[in-house]
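Participant: Chains as they are written, first to last, in this note's numbering: chain A, 1441 to 1629; chain B, 564 to 779.
The set of hints was computed from the structure by calculation and includes no laboratory data.
Ideal placement from N, C-alpha and C gives every residue a C-beta, glycine not left out.
Treat each hint with caution, since some may be false.
Stated by the list, open to error - Pulled a few chain A residues facing chain B out of the computed Cβ check, cut under 10 Å: (1) R1507; (2) L1513; (3) M1517; (4) Y1547; (5) W1617; (6) F1620; (7) I1629.
Listed here are the chains, written in short residue letters.
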Amino acid sequence: MSAPGAPEVAAPAPPSRRLLPRMLRAACLEADLYEEVEAERRSVSQALIVVLLAAAAGGAASALSSRSFERILVDVMEPLTLWIVGSVFTYMVGATFLRGPHTSTDYAEVLRTTGFAFTPGLLRLGGGLPWPDVAAAIVYFADLWMLVAGIVAVRQALDFTTLRAIATFGVSYALLWLSFEGFLFALPI
Amino acid sequence: MRGGPRRRVGPGLSIRTVALACLLLPVGGAGALAADGASAGKSGAYCPLPEPGQPAVCLEPAQERYESFFGALEKGSFDPAAAARVERDLAAGSDAPYDALSSLAYGYYRLARRAAADPDADPAVILRLERWNDMLARAYEKSGSDPAFRAAVRAAAADVNRRAPAVGLRCLDEWGDATTCSSTEAVIRGMDALRDQAGLRGQLARLFARLFGTGP
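Based on the sequences and whatever the hints tell you, model everything.
Facilitator: Structural data, given as structure tokens:
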């Protein structure tokens, strides 16, 4: 209650929990959004939707470009693999070797924040445009944007500096690549 | 949720600044490339096909180097011996590979126009264009250690695809089956497929190829 005579100060409205505003904030690299979803357990379903939308956009672009079924499958599976498996390595690396003094997290937190970082992946739909140069530029731009969003997401999930987040991202991707190579080497078909 | 200052990379350098710089980098790079392409007569850059009626100023070094090749094209004919020199320089990586690349793209454009204008065109011209498609694809494959030249080869293929009129050429589709192409689209598709073989995308592609039995 305000003191007599003091002007009434309206409390700031709580941020919207709807998916679309959150996706826009994630695309704008808003750190508060990543903090919000980090803390909100149920937002994992929204993160999953974002990743599925990004996967669908990539797959649709491939289908529009008349690519083979395998290529379409690659474009659909890439975001899902990066999200689910990449987050495991991000969590492992960020919470152990590269952990910061304030790092306190779990796999689900990493999943929630990194999922929203796939928002710019919706632009991958532009990869299906009939002009190869424009399509390639859009996909490149979307990938770069997702990379930056991913670094912000990792930084917020693991509560450390941007440089540590970049290092975590790089080491995690290298581990993911090595593991996949090992898997492909050992695959008996 | 945890508190504490986390939005700054260093003193006075926010993540938004870093992100903006990252996002603007390719735009700046593209601008620089465009400016480079527009600047006349620089060896070490692909010279885009001139607009109709515009002089091809940046082609001048290539025209000096391959005088008989360009001379024949301007006369509406074709000199196989002169073309072989351009091809050799592109394949072997001469001291001026960009001149050879720009010359080949210009020759492709002129020959495609000739073939499109005359349905009974010399079959040797069609064969030459198919051969040049192969040469562009191979130049791209071989230029892995030189990203700038690799980008120039792709730019040349895209430039030709955009500007040259459609001609019926034999090529391979994405499944490796024989089909007909109108220009360099199969070459560009092959280049993009080669690029997709890197990183996680390449690994997933290999995995599915093995699962579906379509891989090597």
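Participant: Indicate, hint by hint, whether the structure satisfies it.
Facilitator: Outcome of the hint check:
For A/R1507, the interface hint holds, the least distance from its beta-carbon to any beta-carbon of chain B being 6 Å, beneath 10 Å. Annotation: A/L1513 was flagged as interfacial toward chain B, and the flag holds, the nearest CB pair being 6 Å apart, inside 10 Å. The interface hint given for A/M1517 is met, as the beta carbon of that residue sits about 6 Å from the closest beta carbon of chain B, less than 10 Å. Interface restraint check for A/Y1547: the shortest CB-CB distance to chain B comes to about 17 Å, outside 10 Å, so the restraint is violated.
The closest approach between the C-beta of A/W1617 and any C-beta of chain B is roughly 7 Å, which is under the 10 Å cut-off, so the hint is satisfied. Using the Cβ-Cβ criterion of 10 Å, the hint placing A/F1620 at the interface with chain B is satisfied: the shortest such distance is roughly 4 Å. Proximity of A/I1629 to chain B holds as hinted, the smallest CB-CB distance being about 5 Å (cut-off 10 Å).
Of the numbered hints given earlier, the model fails hint 4 alone.
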